[in-house]
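Protein chains: 2
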Amino acid sequence: MARDWEASELLVGMHETEGVGWITIRRVIACGALEGANHRRAMDWREFALSARQAANLAERLTDEKIELAIRKRERAGIKVVTRLDPEYPPLLKHIEDPPWVLYAVGRLELLLRPAIAVVGTRTATAYGKRMAEELSASCAQSGITVVSGLARGIDTSAHIGALGKPGTTIAVLASPVDHPYPSENRGLYREIVDEGLAISESPLGAPLTKAHFYLRNRIIAGLCQGALIVEAGEGSGALITSTHALNYNRDVYIVPGPITSPRSVGVLKLLNDGAKPVLGANDVLTDYVRTLGEWRRANGQPEEAAASGHSNAGKAEELTPEEEALHEWLAEEGARTIDELLAWSGMPAGQLHAALLGLQMKRLVQLLPGSIYEVI
Amino acid sequence: MARDWEASELLVGMHETEGVGWITIRRVIACGALEGANHRRAMDWREFALSARQAANLAERLTDEKIELAIRKRERAGIKVVTRLDPEYPPLLKHIEDPPWVLYAVGRLELLLRPAIAVVGTRTATAYGKRMAEELSASCAQSGITVVSGLARGIDTSAHIGALGKPGTTIAVLASPVDHPYPSENRGLYREIVDEGLAISESPLGAPLTKAHFYLRNRIIAGLCQGALIVEAGEGSGALITSTHALNYNRDVYIVPGPITSPRSVGVLKLLNDGAKPVLGANDVLTDYVRTLGEWRRANGQPEEAAASGHSNAGKAEELTPEEEALHEWLAEEGARTIDELLAWSGMPAGQLHAALLGLQMKRLVQLLPGSIYEVI
Numbered sequence: 001m002a003r004d005w006e007a008s009e010l011l012v013g014m015h016e017t018e019g020v021g022w023i024t025i026r027r028v029i030a031c032g033a034l035e036g037a038n039h040r041r042a043m044d045w046r047e048f049a050l051s052a053r054q055a056a057n058l059a060e061r062l063t064d065e066k067i068e069l070a071i072r073k074r075e076r077a078g079i080k081v082v083t084r085l086d087p088e089y090p091p092l093l094k095h096i097e098d099p100p101w102v103l104y105a106v107g108r109l110e111l112l113l114r115p116a117i118a119v120v121g122t123r124t125a126t127a128y129g130k131r132m133a134e135e136l137s138a139s140c141a142q143s144g145i146t147v148v149s150g151l152a153r154g155i156d157t158s159a160h161i162g163a164l165g166k167p168g169t170t171i172a173v174l175a176s177p178v179d180h181p182y183p184s185e186n187r188g189l190y191r192e193i194v195d196e197g198l199a200i201s202e203s204p205l206g207a208p209l210t211k212a213h214f215y216l217r218n219r220i221i222a223g224l225c226q227g228a229l230i231v232e233a234g235e236g237s238g239a240l241i242t243s244t245h246a247l248n249y250n251r252d253v254y255i256v257p258g259p260i261t262s263p264r265s266v267g268v269l270k271l272l273n274d275g276a277k278p279v280l281g282a283n284d285v286l287t288d289y290v291r292t293l294g295e296w297r298r299a300n301g302q303p304e305e306a307a308a309s310g311h312s313n314a315g316k317a318e319e320l321t322p323e324e325e326a327l328h329e330w331l332a333e334e335g336a337r338t339i340d341e342l343l344a345w346s347g348m349p350a351g352q353l354h355a356a357l358l359g360l361q362m363k364r365l366v367q368l369l370p371g372s373i374y375e376v377i
Numbered sequence: 378m379a380r381d382w383e384a385s386e387l388l389v390g391m392h393e394t395e396g397v398g399w400i401t402i403r404r405v406i407a408c409g410a411l412e413g414a415n416h417r418r419a420m421d422w423r424e425f426a427l428s429a430r431q432a433a434n435l436a437e438r439l440t441d442e443k444i445e446l447a448i449r450k451r452e453r454a455g456i457k458v459v460t461r462l463d464p465e466y467p468p469l470l471k472h473i474e475d476p477p478w479v480l481y482a483v484g485r486l487e488l489l490l491r492p493a494i495a496v497v498g499t500r501t502a503t504a505y506g507k508r509m510a511e512e513l514s515a516s517c518a519q520s521g522i523t524v525v526s527g528l529a530r531g532i533d534t535s536a537h538i539g540a541l542g543k544p545g546t547t548i549a550v551l552a553s554p555v556d557h558p559y560p561s562e563n564r565g566l567y568r569e570i571v572d573e574g575l576a577i578s579e580s581p582l583g584a585p586l587t588k589a590h591f592y593l594r595n596r597i598i599a600g601l602c603q604g605a606l607i608v609e610a611g612e613g614s615g616a617l618i619t620s621t622h623a624l625n626y627n628r629d630v631y632i633v634p635g636p637i638t639s640p641r642s643v644g645v646l647k648l649l650n651d652g653a654k655p656v657l658g659a660n661d662v663l664t665d666y667v668r669t670l671g672e673w674r675r676a677n678g679q680p681e682e683a684a685a686s687g688h689s690n691a692g693k694a695e696e697l698t699p700e701e702e703a704l705h706e707w708l709a710e711e712g713a714r715t716i717d718e719l720l721a722w723s724g725m726p727a728g729q730l731h732a733a734l735l736g737l738q739m740k741r742l743v744q745l746l747p748g749s750i751y752e753v754i
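Here the protein sequences line up with chains D and U, keeping their order.
If you use my numbering, the first sequence corresponds to residues 1 to 377, in order.
If you use my numbering, the second sequence corresponds to residues 378 to 754, in order.
The reader is advised that the hints may include incorrect statements.
[To be verified] Partial selection, computed: residues in chain U whose CB lies under 7 Å from chain D: (1) Tyr505; (2) Ile618; (3) Pro634; (4) Gly635; (5) Pro636; (6) Ile637; (7) Val643; (8) Pro655; (9) Leu657.
[Stated by the list, open to error] Using 30 Å as the maximum straight-line C-alpha spacing, the simulated DSSO-like pairs for lysine-lysine come out as follows: (10) Lys270(D) x Lys130(D); (11) Lys588(U) x Lys507(U); (12) Lys130(D) x Lys277(D); (13) Lys647(U) x Lys270(D); (14) Lys277(D) x Lys654(U); (15) Lys277(D) x Lys507(U); (16) Lys471(U) x Lys588(U); (17) Lys507(U) x Lys130(D); (18) Lys654(U) x Lys130(D); (19) Lys471(U) x Lys450(U); (20) Lys654(U) x Lys270(D); (21) Lys647(U) x Lys277(D); (22) Lys647(U) x Lys130(D); (23) Lys270(D) x Lys507(U).
[As the list claims (entries may be wrong)] Some chain U residues well away from chain D (every beta-carbon gap over 12 Å; in silico): (24) Glu424; (25) Ala426; (26) Ser428; (27) Ile456; (28) Gly506; (29) Gly583; (30) Asp661; (31) Glu700; (32) Ala727.
Since the hints were derived computationally from the structure, they do not count as laboratory data.
It should be emphasised that the depicted structure is a prediction, and the values quoted were computed from it without experimental measurement.
The beta carbon of each residue, even a glycine, is placed where N, CA and C say it ideally should be.
Turn these sequences into a full structure, and let the hints steer you where they fit.
Here you go:
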C-alpha cells in the first residue's frame, strides 16, 4: 500500500510528469482529485479525460519511490518548492489567469510575500539604461520594495545589482531550472542573489531550456509584482511581453523616458499610450507603494522606515526632517491642501517636496487623498 | 483741420503713445472711439477715464505730423504693421485674452495666415536638444507648417535653422523692436529669416528692451500656433511660460522626451502630467496638422503635398507610394479599420505605417475618424 502524501507534494509530482500541462492539472484539481493521486492506476486516470500516455506517465511518476527520490534530489541541492496550495505562495501571483502550480526556489522564501516591483528591460542596454535600472532599483530596495527581475544580461543584471545589499533585496525569476542559472556569465550574480535574496523558477529540475520558457517566465515576473518598471526595450524585447502581462493584470506600468534617438527608449516611450507612467525619479514609483509598504510592515511587525529619505525612525515625531516638520505643521493648521498649493507655499523643489510628503505618509502623519490632496491624519 | 486716417493707423498711434497700455486701448475701441481719434483734444480724451498724462500724450502723438513721421520711419526701415483690425492679422492670435493690437513685421506677411507650430526651449540646450529641435522643425516645415520661435540662443536658433529653406519656413517673434534683433550673435540668422520668412514684434520701434517683453512675447508665440513643441526646458525656462500659455489657450502641447538625468528634459517631461503629448517622431505632430494643412491648401489654391514622405504629388493616385497603394486598396475593401488592425495586417513598422496613412490623408484618399479609425473617403 502506497503512503499518503501531502497534496502539495502530489501537485509537484503532477507538475513534473511529462506530458501533463497546466490545464490538465487544473482539471484534476477542479475535480477534487489531487488527494490520493498516488493511489490511482493508469486506468483510473483515464476517467479524467487524460490521454493514455498522460495516464501512464502519471501512474509511473506518482509512486512512493519516485516521490521520495524527487524530495531527496531537491534537499541535496538545497532547493525548496512552493506550490499554489501553500501559504508561502506570492499573493498577487494567485490572481493571474495561469498561476504556476509549482515554484522551485533557492534562498529566502519569505521575500515572496513582500511588496515587489519588476525592473526589466533589454539585454542590449545602453549605459544610460543600466545606470537608471541600477539607481532606481537601489532606491526601491532601500525603501523596502523587493526588486524582481530575470537575471538576463543588460537591464536585468543592473536591476539585481542595484537592489543587492538593500532591505528589499531582490528576486531572480529564471526561465531555466532554478539550479542552472542562465546566462552562465551571471553565475556570480546568481550566487549573490541566492545568498541574500531569492531565485525561483517554474521549470522542474533538469528540464531543458527552450524559448517558450522565457515567455512563460515573464508572466511570473509581472504576476509577482504590484508594478513593473520597463527601463529600455527595443522592438521585440521580452521586456515588452512583461509589460503586456503587467497591463493585462492591471498592474502599474512605469517607464524611464530616454532620448528618442535611442530605439530602446522609443520602445518604452510608446507604452505611454497604453497608460504607462513616466518615472522622472524614484519618488514617482515609491508614492504608489506607500500604502502597500505600510500594510506589509504592520502585518510583519516591522518598524516604520522612511522611504525616500533613508532616515531611520524609532521615535516618530521627534525624528521628522525639518522639511517634514514644517509641512506637517502647516497642513495641521490649514487642513487638506493640494500638491500645487503645497508647492507654492513651501517653495521647495518638487522632488524635495515629494520626498518629504512621502516621509510623512510613511510615518502615518499625513495621507494622500484622490486628486493629489494631502491632509494630516 | 487734421486729415482723416485709417483706423489701423490711429491704432498704431495709440499703441505707440507713452503711458497708454493694452487695456486703455481696449476701452477706447469698445467705446467706438478709435475713429476720429486724431481730432480729439487732450480734454476730450479725459471723457474715456484716461489720466491727464495719457490724455496729453495721446493728443500730442495723434497729430498728422507725428503720424506721417512714424509712417516714413517705418517705410525707410522696410517695416510693415499689421493691426488687430487688419485681415492679415493671424487668425488664432485673435482668440487669446490679450491679442497684441499691433505687430511690426519684416518679411513675408502672408506667413501669418499659415498653419504654424511653436518650437521653443531653453537657451542652454544640449546637443541632443538642438538636434531634435532642428530635425523636427525641418520635418514640420517640409510638410508646410510654419515654425514659430523666439530667435533666442539654443533651441530657438536650431528651430529656425531647421525650418529655413523648407516650404513652411519660419517666423521669429522678437521681444525687442523688430529692427533690432536680440541676441546680437543671431543677426546673421535674423537676416536669413527676414529674407525668406518673417520677423515680428509687438514692441514699437526704438522701445527699450526689458524682461517683461520676453514674457509678453511668449504669449504671441503660443497664440500664433495650433500647437507648441517644447524641446528642452530647465526649471524657470521661458519656454515653460510659452507652454503654460499654450495650455491656457487650449493648444496642443508637445514635448521631446529625453534622459531623466538631464534637468532640461525633466522640465519638459513634467508637462506630461498637464496633458502634453510625447513626440517620438515628426509624425506625432504632423498627424494633428493634416486637417489644418488641407484646409489651408484648399483655401489658398495650393497643390496638395505629401506631408511626411516629401514626395511631390501632381497626379494623385498614380503617385502613391507602394505602401500607400497597398493600404488604400485594403481599406477600400475592408471599410473602416483601427490603427491596431492596420498595424497587424500591414506588418509595417509603426512609423512607416503612420507616414503612409498621413500621405493618404494629405491626398484626401483616407480620413481619420475618432478612436484612431481610418477609412477610405
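Structure-based check of all given hints:
no.	hint	verdict
1	Tyr505	holds, 6 Å
2	Ile618	violated, 16 Å
3	Pro634	holds, 4 Å
4	Gly635	holds, 5 Å
5	Pro636	holds, 5 Å
6	Ile637	holds, 5 Å
7	Val643	holds, 5 Å
8	Pro655	holds, 6 Å
9	Leu657	holds, 5 Å
10	Lys270(D) x Lys130(D)	holds, 20 Å
11	Lys588(U) x Lys507(U)	holds, 24 Å
12	Lys130(D) x Lys277(D)	holds, 19 Å
13	Lys647(U) x Lys270(D)	holds, 17 Å
14	Lys277(D) x Lys654(U)	holds, 13 Å
15	Lys277(D) x Lys507(U)	holds, 26 Å
16	Lys471(U) x Lys588(U)	holds, 24 Å
17	Lys507(U) x Lys130(D)	holds, 25 Å
18	Lys654(U) x Lys130(D)	holds, 26 Å
19	Lys471(U) x Lys450(U)	holds, 27 Å
20	Lys654(U) x Lys270(D)	holds, 11 Å
21	Lys647(U) x Lys277(D)	holds, 11 Å
22	Lys647(U) x Lys130(D)	holds, 23 Å
23	Lys270(D) x Lys507(U)	holds, 23 Å
24	Glu424	holds, 42 Å
25	Ala426	holds, 35 Å
26	Ser428	holds, 34 Å
27	Ile456	holds, 39 Å
28	Gly506	violated, 10 Å
29	Gly583	holds, 39 Å
30	Asp661	violated, 10 Å
31	Glu700	holds, 18 Å
32	Ala727	violated, 8 Å
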